Amino acid sequence: MDVFYTNFGTIDWIIVLVYICIPVVIGILVRKYIKQMSDFIVAGRSLRLFIAIATMTGTELGLVTVMYNAEMGFLHGFSAFHIAIIEFSCILAIGLTGFIVYKLRQLRVMTIPEFYEKRFGRKTRIVGGTILALGGILNMGLFLQAGARFMMGVTGYGNEAAELFMSVMLIMVLVYTVLGGMVSVVINDFIQFIVLSIGMLIGSYFIIDTIGWGNLFDIPLTIDADSWFNPLAEGSELGPIYVIFMVVLSLSAGALWQSGTLRALSAKSPKVAKQLYAWSSISYMARRVIPMFWGIAAFVFVSQMPQFLAAFQGTDAISSQFGMPIFIGMVIPSGFLGLLCAGMFAAFMSTHDSYLLSWSSVITQDIVAPLKKGILSDKMRLLITRICIVSIGLFLLIWGLWFEAPVSLWNYMAVTGTIYLAGAFTVIVAGLYWKKASTTGAMIALFAGLLAILGIGPWTQGDNVSWYLTDKFIALMTFIIAFLGMVVGSYLFPDKQQPEEAGK
Amino acid sequence: MNWEFLWKLVLIFTFSTYSILVVIVFFGGLKNIVDMLKDLKMPDNNS
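Same order as they appear, the protein sequences are chains A and B. For the first sequence, the residue numbers in this note's numbering are 25 to 528. For the second sequence, the residue numbers in this note's numbering are 132 to 178.
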């Protein structure tokens with residue numbers, strides 16, 4: 025059997041193509057509801073609990089999420105599940121305590137850098153907004169590439185066809201995001217949440233049916249038994265530093281990843297924002313566990329067939345990202361495979377629309393508007409936001425199709441995320457909960473976040489990398505340096521007067 | 132610590148709770164969308 029053999033047929037293409045027309049129609053239909061900037065960015069702060077859960081999951085469960093989690097399962101087995109447990113615990117803790125999100129929603133800010141200005145002044149907002157947009161857009165850079173690889177694996181088509189398909193998909197996302205803003209995004213996210221969730225659950229049934237529940241837990245012969253289950257095992261590529269980094273990353277990203285936090289800021293009330301996080305802890309866990317499970321099943325499947333295992337080994341090995349899509353293309357029957365792919369396209373689209381909206385609104389609200397002396401009208405802000413959406417989309421198309429990450433997909437995501445999160449988490453926590461936090465401390469913390477970019481340098485690659493040069497250690501140290509920078513900067517250079525009462 | 136047993140529990144917990152969540156969100160979300168569009172139609176929706 026060929027490695028790229030697939031059950032994906034004509035009926036599956038029809039299902040996918042029909043499905044992807046739905047969001048565009050909705051984008052056009054809801055355009056009449058967009059009257060001002062807050063309608064566009066935070067849906068008029070009108071999101072109620074269940075639609076907020078759907079749209080938050082729709083955003084945070086993207087095709088790239090499925091891909092990098094499946095790759096983690098494929099490479100590290102059940103030990104990767106520790107990330108799901110950590111993320112679930114962090115999101116639930118945020119939901120139960122309201123840590124960060126409750127106060128941010130109370131302050132009625134539309135973006136995170138808007139808080140920087142309320143608490144630390146305009147310059148901090150512009151610097152914070154620029155770093156956020158830089159980290160965020162870079163972080164998003166490989167979404168298209170991962171999507172293309174998924175399509176290639178599932179459909180058995182060549183790279184060229186996948187690129188073309190992703191280009192078309194991106195154009196469709198751009199059209200309805202530009203037209204409808206957050207209102208169309210939340211309605212589409214709702215539909216996509218339902219389709220994707222049903223697809224994932226039924227897909228898991230087929231996978232268990234094919235592999236067998238008992239066989240899933242049989243350790244493949246080529247794998248170290250301890251490392252397959254235990255993330256702290258001696259010899260594991262994960263280890264204690266990685267686990268600590270995941271805790272810090274999950275807590276900061278859970279509370280402050282702009283696209284997710286935007287949902288909390290769009291919530292009807294601070295109480296709904298809290299509830300949203302508590303309920304969403306389940307979907308955050310599912311977005312990790314289910315794709316990781318697919319990746320594990322893919323490896324178990326591959327390891328039973330020597331010719332397939334050989335394709336993933338050696339100098340000409342296929343990327344481990346292909347493991348899961350190739351596997352599901354073989355074991356899930358035609359017809360249902362189309363529904364699953366439609367769900368995955370949904371995930372692809374819902375993530376792109378929300379991220380495009382997040383980063384473009386940051387550029388408009390936190391960089392362009394504060395730099396402009398006069399007051400920007402809502403009409404002008406909408407226009408700039410829409411131009412930014414299209415510009416970022418074009419950048420992503422070029423970056424995603426031509427750039428190859430020097431490290432693995434998840435490492436790239438974690439490190440580029442840290443560029444923003446290390447500074448933002450420190451600044452927001454200090455700004456909300458520490459009266460002595462100063463503007464100088466905030467600026468030091470924000471700039472310290474840029475150190476994370478060292479985590480994707482060439483020195484992090486290879487078999488014998490010193491522990492202090494690993495990406496996980498560099499990223500963890502970035503958080504620590506940002507924190508120390510805030511504390512030391514605030515004590516040495518205290519503010520004479522706080523800009524506003526925010527956060528007290 | 133029995134890691135295999137823990138991860139089995141995690142899998143079962145995830146599949147069962149997520150299935151329930153999808154059903155709840157489906158029915159609750161439909162009602163929420165109708166209410167949201169009503170809110171946005173009203174003149175003073177951002178107070």
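Keep in mind that the hints are not guaranteed to be accurate.
What the hints assert, rightly or not - Derived pair list, reagent style DSSO-like, types lysine-lysine, alpha-carbon separation capped at 30 angstroms:
| no. | chain 1 | residue 1 | chain 2 | residue 2 |
| --- | --- | --- | --- | --- |
| 1 | A | LYS142 | A | LYS460 |
| 2 | B | LYS162 | A | LYS127 |
| 3 | A | LYS127 | A | LYS147 |
| 4 | A | LYS295 | B | LYS139 |
| 5 | A | LYS295 | A | LYS396 |
| 6 | A | LYS403 | A | LYS127 |
| 7 | A | LYS127 | A | LYS460 |
| 8 | A | LYS295 | A | LYS520 |
| 9 | A | LYS127 | A | LYS396 |
| 10 | B | LYS162 | A | LYS295 |
| 11 | A | LYS127 | B | LYS169 |
| 12 | B | LYS139 | A | LYS403 |
| 13 | A | LYS295 | A | LYS127 |
| 14 | A | LYS147 | A | LYS520 |
| 15 | A | LYS520 | A | LYS459 |
Read the hints as simulated data drawn from the structure, not as lab findings. From a predicted model like this one, the values you see are computed outputs, not experimental measurements.
Here's how the hints hold up against the structure:
1. A:LYS142 / A:LYS460: holds (15 angstroms)
2. B:LYS162 / A:LYS127: holds (27 angstroms)
3. A:LYS127 / A:LYS147: Holds, at roughly 22 angstroms.
4. A:LYS295 / B:LYS139: violated (34 angstroms)
5. A:LYS295 / A:LYS396: Cα-Cα ~35 angstroms, so violated.
6. A:LYS403 / A:LYS127: holds (29 angstroms)
7. A:LYS127 / A:LYS460: Status holds; Cα separation ~18 angstroms.
8. A:LYS295 / A:LYS520: Distance of about 34 angstroms is beyond 30 angstroms: violated.
9. A:LYS127 / A:LYS396: Holds. A:LYS127 to A:LYS396 sits at ~28 angstroms (cutoff 30 angstroms).
10. B:LYS162 / A:LYS295: holds (19 angstroms)
11. A:LYS127 / B:LYS169: holds (27 angstroms)
12. B:LYS139 / A:LYS403: With a Cα-Cα distance of about 53 angstroms, the restraint between B:LYS139 and A:LYS403 is violated, given a limit of 30 angstroms.
13. A:LYS295 / A:LYS127: holds (10 angstroms)
14. A:LYS147 / A:LYS520: OK: A:LYS147 and A:LYS520 at ~16 angstroms, within 30 angstroms.
15. A:LYS520 / A:LYS459: holds (12 angstroms)
Violated hints for the displayed structure, listed by number in ascending order: 4, 5, 8 and 12.
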